[in-house]
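**Student:** Below, each chain spelled out in residue letters.
2 protein chains.
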Amino acid sequence: MLTVNENFLKLPGNYLFSEISKRISAYKAEHPEKSIIPLSIGDATRPLSPAVVAAMHKAVDEMGTTEGFRGYGPEQGYAFLRETIRDKVYSPLGVDISADEIFISDGAKSDCGNIGDIFGSNNVVAVCDPVYPVYVDTNAMAGRAGEYDGTRWTDIVYMPCNEKNGFMPELPVRTPDIIYLCFPNNPTGAAATKSQLKLWVDYAVKNGALILFDAAYEAYISEEGIPHSIYEIDGAKECAIEFRSFSKTAGFTGTRCAYTIVPEDLKFGGASLNKLWNRRQCTKFNGVPYVVQRAAEAVYSEQGMKEAREIIDYYMNNARVIRNGLKNAGLTVYGGINSPYVWVKTPGGVDSWSFFDKLLKEAGVAVTPGVGFGPEGEGFIRRTGFGDAEQPKQAVERVTRII
Amino acid sequence: MLTVNENFLKLPGNYLFSEISKRISAYKAEHPEKSIIPLSIGDATRPLSPAVVAAMHKAVDEMGTTEGFRGYGPEQGYAFLRETIRDKVYSPLGVDISADEIFISDGAKSDCGNIGDIFGSNNVVAVCDPVYPVYVDTNAMAGRAGEYDGTRWTDIVYMPCNEKNGFMPELPVRTPDIIYLCFPNNPTGAAATKSQLKLWVDYAVKNGALILFDAAYEAYISEEGIPHSIYEIDGAKECAIEFRSFSKTAGFTGTRCAYTIVPEDLKFGGASLNKLWNRRQCTKFNGVPYVVQRAAEAVYSEQGMKEAREIIDYYMNNARVIRNGLKNAGLTVYGGINSPYVWVKTPGGVDSWSFFDKLLKEAGVAVTPGVGFGPEGEGFIRRTGFGDAEQPKQAVERVTRII
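Protein sequence lines, in the order shown, are assigned to chains A and B. FYI, the working numbering numbers position 176 of the first sequence as 176, with every residue one higher than the one before it. FYI, the working numbering numbers position 269 of the second sequence as 269, with every residue one higher than the one before it.
By construction, these hints were calculated from the structure, which means they are not laboratory data. It should be emphasised that the depicted structure is a prediction, and the values quoted were computed from it without experimental measurement. Accuracy of the hints is not assured; some may be wrong.
The list treats identical chains as one, so a pair stands whether inside a single copy or across any two.
[As the list claims (entries may be wrong)] For lysine-lysine, the following DSSO-like pairs were computed, each having C-alpha atoms within a straight-line distance of at most 27 Å:
id, residue 1, residue 2
1, 22, 237
2, 34, 88
3, 198, 267
4, 10, 237
5, 306, 58
6, 34, 345
7, 275, 22
8, 198, 88
9, 10, 267
10, 88, 194
11, 198, 393
12, 22, 198
13, 358, 88
14, 275, 10
15, 164, 198
16, 393, 306
17, 206, 194
18, 206, 306
19, 267, 28
20, 28, 88
Okay, chain A solo, but in the shape it has when bound (with noise of 0.2 Å):
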C-alpha cells in the first residue's frame, strides 16, 4: 500500500498570509466604509516594462512562424540568457563566472526548494531567525527539520537576527551543513558588508558546509560597499550557490524567471554540485518559455536596464516615505535603505499582532506581523515598499495619527 512522506504531515498549517487576510476580510465586513491600505505582501505593481514588452511580444511572432518556432529549449537556459547575465551582472563585479554556471529557472523559490534534492537527508541546516518560509518548509519536507515544537523544529539551527546583533546572524555554535543567508534581507531589510560575509565564507571553507545566499533583492542595494553577490568574496566559489531572480528587479512575479549560480568549484566528497543540479534539472525540468527567456535578456539592454531602474527606485521611494514617515512619528524602523522592506518596532513592546490588529483597525493599514518570519520576529512588523506611490504617504499619515 502506497504511504505517504510522513515530514509532510509534521508541517504547521501556512497560517501567516491567511490569517492575515481573515482579520483583513472580518474587519471590512464590519467596516465596509473604510478603506484599507495594503502594505502587507512583497509583490511586485508595476507593469513590465516597454523594453520587456517589445522583445516578448517579438518572440511571440517569432513562435507563431515555422522558421522562428522554438522546440524544447536546453533545460539549463538558453546561451543567449546566460551569457548576458554573465556579461551584464557578473562582469561588471568583478566575478568570473561562466554561463555553465548559470542555471535559468522558473524562480528562486523553485530553485530554493529543489536545491535540496541534491543533499543528503542528514546535513544540519541553520536558518536566520526571522527567516523566509520557503527555506525551513522544504528542509522539513525533505526530512532534515526534525519534529516541530509549536514555534520551532528540533533539528534546525536557528540563528536569531535582532537589534542586539543588528540583524546579522552569529556564527552558530551547533557546527551546519547548510547554511541559508539572505541579504539583502526578507523581511528585516538588513544588508550584509564584504566583512561580514567573508566571516560566513571563510566559516564555510573550514568547516565543509555550503551556503545557500538568496540574492533576490539585490538590485535595491543603494549603498556603496555592499555587495551584490556572494562572490564579490574571496573563497566563495568553493562555498556557495547564489539564487538570483527577475522577479524583484524587473516586476517578472507574475512572469516567472529567475537563475541559480552552482560554481563548478564546488565539490563535496569528490562529487560536483554543478553536475547533480545540472543532472536535477534535465532530469526533473524542461526550461523556462523562450518567450520569456527573451523577456529576461531585455532587462539587460540599455533601455531595459534604464527603465527596471525607474521601476526599483519607484518602490524605493515608497520605502523611504515609510520609513522616515514612521520615524518621525516616533516609531523605531530599520530596513528600507538596501530593500523594499522595512521592519518596523512595535511601540511599547507591544506584540506583532497587536500592533497589526491596531494598525487595522484604527488606521485601516494593512501590514505583516514580525512573529509570523519566526519567533525573533516578535515584536516587529513588516512593511513593503511595494505598490502605489499614493498608498505609503496615506499609510504614514494614518499610522501617526494613531501613535
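Since the structure of chain A is provided, determine the placement of chain B on it from the hints.
**Tutor:** Using the frame of chain A, we list chain B on its own:
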C-alpha cells in the same frame, strides 16, 4: 560537512540522446555531402497557432499596463484556466473533475518528477519496459530504485511490453505501491482500451496502490473506444493521478504548460494527496507565467481547438506515411494510429544500434534505438511523426531502397 544525495551518484550517464548525436555528428563529419533526415526526437516543430499567438500578445499588452499587470498568480494556476480545462476537457468525457483537483504547471516532466516529493521513500515502483526514462531516474534520485546493475534497478518492478503481450503490461508478480502507466505509449505507440485500463484500476484499488497515468499523447487518439482519460474508468478517482500536457497537444514544448489531476478522493493512510500536492506546490513552486496561461486557455477556444486539431493531423499524417511506407517495405511496424510514435521491428533480428547505424549510414535517416528505452526495446527502433511533411516521405523512400 555537507553530504550529497548518494542516489544521484548511482545514476548511469544519460547517454541515449548524446550517443545518438555523437554518431550522427561523426557520420556527418566523414560525409559532409550527405543529408540526414531527423526522425528521432519527440519535439513539436509546427508553429504556435494564430489563436494562441493572439492570446499571448493580448496578455503581454495587459502586463505592460498598470491596470492589467499581474504579479504572483495562484500556485495552482488561474481559475480561468482550471475552469476551462474542467469544462472543455473533462466534462465532454462525462468525467466530473473540479477546478480544485486541477494543478497547472510548467510541464508534465516536472510534475512526473516532483510528485515523488509527497510519497514515502519505501514505496515499490512499477514501470513498463520500454519506458520514458524520467519515471525511473526520478525514483532512483529519491532512493526508491535500489542499485543499478548495468541494465536494470534492483528495486524497480519492470513490466515487459512486447509483441507477445501486444505492448500491454501484465499484472506484476511483486505488488507495487506506485504504478506508472503511459497511454498512448511513448515509445511503443500502444493505446489501452477501457477494459485494459479497468484491469489496472481494479488492481490498484484492491492493493492500495497509486497509478500515475501519463496522458501526454491523448490528443493523438484516433480510434473510437480508446479512453482519453483514466477517469473514464470507474474507481480511478480513488487510485490515480493523471498528467496532461500542452506540449504535444498544442506545440507548447518551448512554451511550457501542463496540468496534473489529483482527485480529492485520493486518500492513503488518512492523508489526502490533493492536500499534500497543494502544499508541495505552494512551497516549492510559484505558478506558470500569466501570458502562458492565457495562451493555454486559447487552445480551448473554438478557433484554438480547430487549429490544434490541424497541427495534430499534420503530425499524424507524417506518422501514417512512415507506418504505411515501412509496412509496404516489408518491415513489421506498431503504433502510429493513436500516437505520433511508430515502433519498428528491426529486420532479421539485428539489434537496435546496428539497425540505427545501417539507417544512418546507408539511408541517411536518424531514428532512436529502442533499447535506449529499456532492455525490452531491444530489436526495435522508434520513429516520430513530428517534423516537416516532406521528411517522412523521403525517409520511407530511402529506407525502402536499402532493405
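**Student:** All the hints need checking, so say for each whether the structure fits it.
**Tutor:** Each hint, compared with the structure:
| no. | hint | verdict |
| --- | --- | --- |
| 1 | 22 x 237 | neither (44 Å within a copy, 32 Å between copies) |
| 2 | 34 x 88 | neither (47 Å within a copy, 41 Å between copies) |
| 3 | 198 x 267 | within (20 Å within a copy, 49 Å between copies) |
| 4 | 10 x 237 | between (35 Å within a copy, 26 Å between copies) |
| 5 | 306 x 58 | both (20 Å within a copy, 25 Å between copies) |
| 6 | 34 x 345 | within (25 Å within a copy, 74 Å between copies) |
| 7 | 275 x 22 | between (45 Å within a copy, 20 Å between copies) |
| 8 | 198 x 88 | within (24 Å within a copy, 56 Å between copies) |
| 9 | 10 x 267 | between (32 Å within a copy, 17 Å between copies) |
| 10 | 88 x 194 | within (21 Å within a copy, 56 Å between copies) |
| 11 | 198 x 393 | neither (38 Å within a copy, 64 Å between copies) |
| 12 | 22 x 198 | neither (43 Å within a copy, 44 Å between copies) |
| 13 | 358 x 88 | neither (46 Å within a copy, 47 Å between copies) |
| 14 | 275 x 10 | between (32 Å within a copy, 13 Å between copies) |
| 15 | 164 x 198 | within (21 Å within a copy, 65 Å between copies) |
| 16 | 393 x 306 | within (26 Å within a copy, 52 Å between copies) |
| 17 | 206 x 194 | within (18 Å within a copy, 61 Å between copies) |
| 18 | 206 x 306 | neither (41 Å within a copy, 62 Å between copies) |
| 19 | 267 x 28 | neither (54 Å within a copy, 37 Å between copies) |
| 20 | 28 x 88 | neither (46 Å within a copy, 37 Å between copies) |
Hints 1, 2, 11, 12, 13, 18, 19 and 20, counting from the list given before, are not met by this structure.
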